[in-house]
Amino acid sequence: MESAVKQLISTDLEYLPDFLKENIYSTTRDRFRFARLYLPGNTPGLMINAGLHSADGIILDLEDSVAPEKKDEARILVRNALRQISFFGAERMVRINQGERGLEDLHFVIPHNVNLVLIPKCESGEYIMQVENEISGIKRKLNLRNQVYLMPIIESALGVEKSFEIARGSENVVAIAIGLEDYTADLGVSRTIEGNESFYARTRLIVSAKAAGIQPIDSVFSDVADMEALKQTVMISKSLGFEGMGCIHPRQIAVIKQGFAPDKTEIEKSKKIVLAFEAAKINGLGVVALGSKMIDPPVVARAQKIIDLAIRLNLLSSVWMSEIPPYEK
Amino acid sequence: MPTKTVINAAGRSVPLEINGQPVIPFKGVGKHKPEDRKYSPPIPTCSDYPDDGNKVVGSLEEALRKCGLNDGMTISTHHHLRDGDMVSNKIFEIASGLGVKDLIWFPSASFPCNDPIIKYLDDGTINRIEGSMNGPLGRYVSEGKMKGTAVLRSHGGRVQAIQDGEVKIDIAVIAAPTADSFGNAKGTGGKSACGVLGYAKADYLYASKVIVVTDNLVDLPCFPMEIEGNYVDYVVVVDKIGIPEKIISGTTQVTRSPDRLLIAELTASFLEKSGILRDGVTIQAGAGGTSLAIAVFVHQILKDKGWKSKFGFGGSTKYMVKMLEEGQMGFILDAQVFDLDSVKSIENNSNHVPYSVFNAYNYHSKGNLTSLMDIMILGATEVDLNFNGNVVTHSDGYLLHGIGGWQNCLHARNVILPIPLFRDRIPVIVDEVTTLCGPGELIDVIITERGIAINPLRQDLIDSVKGSGLPLRTMKELKDEAEKICGVPQKPQFEDEIVAAIKWVDGTVIDVVRKIRTE
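Going line by line, the protein sequences match chains A and B. Numbering follows my numbering, in which position 119 of the first sequence is assigned residue number 119; successive positions increment by one, without gaps. Numbering follows my numbering, in which position 23 of the second sequence is assigned residue number 1023; successive positions increment by one, without gaps.
A hint or two may mislead.
Pair ranges (Cβ atoms, derived) [claimed, not checked]: (1) L1372(B) x Q232(A): 56 to 66 angstroms; (2) Q1253(B) x R312(A): 35 to 45 angstroms; (3) Q1253(B) x L20(A): 44 to 54 angstroms; (4) T11(A) x D1304(B): 39 to 49 angstroms; (5) S3(A) x N1349(B): 32 to 42 angstroms; (6) D226(A) x V1006(B): 58 to 68 angstroms.
Hints in this document: simulated from the structure, not taken from any laboratory. Note that beta-carbon positions come from the ideal geometry of N, C-alpha and C, so glycine has one too.
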């Protein structure tokens, strides 16, 4: 209704539904973003229960999943969803449109405690600054203090080449994602399950993200019926260095979260490496050995990362080391 | 003249008379125990039947005429042909053509394919339906257009009503996928195979006259016969008794709805964590998308744990058949089959056997199979704060579904209702159900996508899941959450006129449906 009125007359008046108390929360830059669920911005029916599926983030999409003629009403529906629908602690994300329209979209979401804005088809650090400035302007005007993080999406060859610049485009960029449907189209190739055509782009993006100290996020997996293939894709994605993936169906969430979390074998192996490192330190040894194998410092660092991750995911006690009997250390 | 009403043991206002016959108000679960003897059909004499055993007549009309079809008779049919049934409507088309009036249709269930029956209600051929009324038929009844008052019974309640003589079937018309000239018949074989014919058992045993209609006449004996020809008066051969693809789903499908899958996952998790699911468990679940998803999750748990269900009671589906074939289920006892895999299984697997509701659900049986079931998965259109359930009307007050076996299944050890918290923005949990079909004392657990409510009467279940991490809530909390999201919908408005009676499994009246106020 509001959208219909706004199409007839020019007005800044808004009909704002009540803001749920439980929707007032912020997120942190280093929180997990393993699984983020995309929802079309003009289908509130899908939004109501979206938070029940335990995604790390819920993305209310104003871009590709909304038809051009529905974009105005989608802005209002997304605004209302941010105020009225509880996502049970998931990071509240919105994917804006490209260019000028995307900057206008910000006016509908920034005042309503969005936690993170996804910027599609990003090709320059300059555009990140434009988005950042627009957000700052809105916040200043409305005297808002809520933290808004950014996640640019790389979807073209130029974007891949500029990925490091984009990753460092603003201090609020916390992650950078790759969108392979558009990227392969830009290259003029077909997207395959093996992903050889996007191997360079994916690894390049991972390197850029790691160099900038942010999270690299993989593209969505589009066959919602094939959970086994998704599992395999997550394994490859994790092994390359990605730290999350988009979901287009709630059933993908558990598979993705499980896939990116360290498994038992990884945790056990890491524990052994860290213990061997600690023992070497106590004994004043310059070289760390596990059985007959020498352990290099980067291997120890990787093991410590896995341990930290396992602790944050409640897969391992934070005092795990003190729980091990001395004779097993 | 207004009907005299009383308040029954469930607190509902019900009449003392329906369709001119006295009825007994609901007294409480297991309280009504009729004495006397069961109703008996007239005594036949075998010398009145052809010596050569050939009971085939030229047409259904001829058979109905020979059975003495007349005004006011009760005609029964079964629903094993489901939405592909081509026989029921034909009976009333013939009756209408013959000018017969005021018949009572006594189906074990009706389907959308039976909507043409409305014209025979309109022209006076049928006075009333005593059975389930779905979709347009239900709407017709709710709007007060049916001449008589509808009577809704459970599958078991239907058998009880026949045995108590409350319903005297004059002519039972039994559509049979395979039959011989003597009237032996079965649900398998032929182009209209439906698997079993259990819902017709009380009909052929107690009806005054029995007609078997088949599109697959085989040489005598039709073996193994589920219906014995000794009970059959006439056999009619037609081109088609049904539309095969509407009789049996080629395949039953697990829900794809993320929310329903979440409910199914929560249900399986509850069953596991409460200890209800264990080695030797007995299971019954339906063929709806959520029930099938629960079956898939339960099957996986059984496999992972190395457990085996002692038996499952069907409605069978390919998912239950899979449990049987992969060794996680000992037997399937089957009242009806829902898909082609189940038809194949019941034909070929000796551990998959027909088991009629005549025995399983009947209040007058010497023991109740459903009370042996550990897990009973059921649905509901509404549940109220006291766990009372409704399956026949929606919150708009319209009669839209039959009771099926729902009431009978409430006697299982653990009755679990996995239901969405709201449908099309209408909360499913309400202060008081629009129509009471099952008392809350028999409903143990409500599982929604937003939490699980356990009936306070089941302290054992509450204790069993303490500290399990499951999202346990009270019904009030669930209702408040639904209303916070959806708002509180307006209640439907009713006239005083009673358009349908809801019988409990023992034949007493538990509630009524009143005419919808449409202005």
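Do the hints match the structure? See the list:
Under the hint 56 to 66 angstroms, the C-beta atoms of L1372(B) and Q232(A), about 44 angstroms apart, miss the expected range. Between Q1253(B) and R312(A), the C-beta spacing of about 39 angstroms keeps the proposed range 35 to 45 angstroms intact. For Q1253(B) and L20(A), the Cβ-Cβ distance of about 36 angstroms falls outside the hinted range of 44 to 54 angstroms, so the restraint is violated. Hint check: T11(A) to D1304(B), Cβ distance near 60 angstroms, so the stated range 39 to 49 angstroms is violated.
About 58 angstroms separates the C-beta atoms of S3(A) and N1349(B), a value inconsistent with the hinted range of 32 to 42 angstroms. Restraint check, D226(A) to V1006(B): a C-beta distance of roughly 60 angstroms satisfies the suggested window 58 to 68 angstroms.
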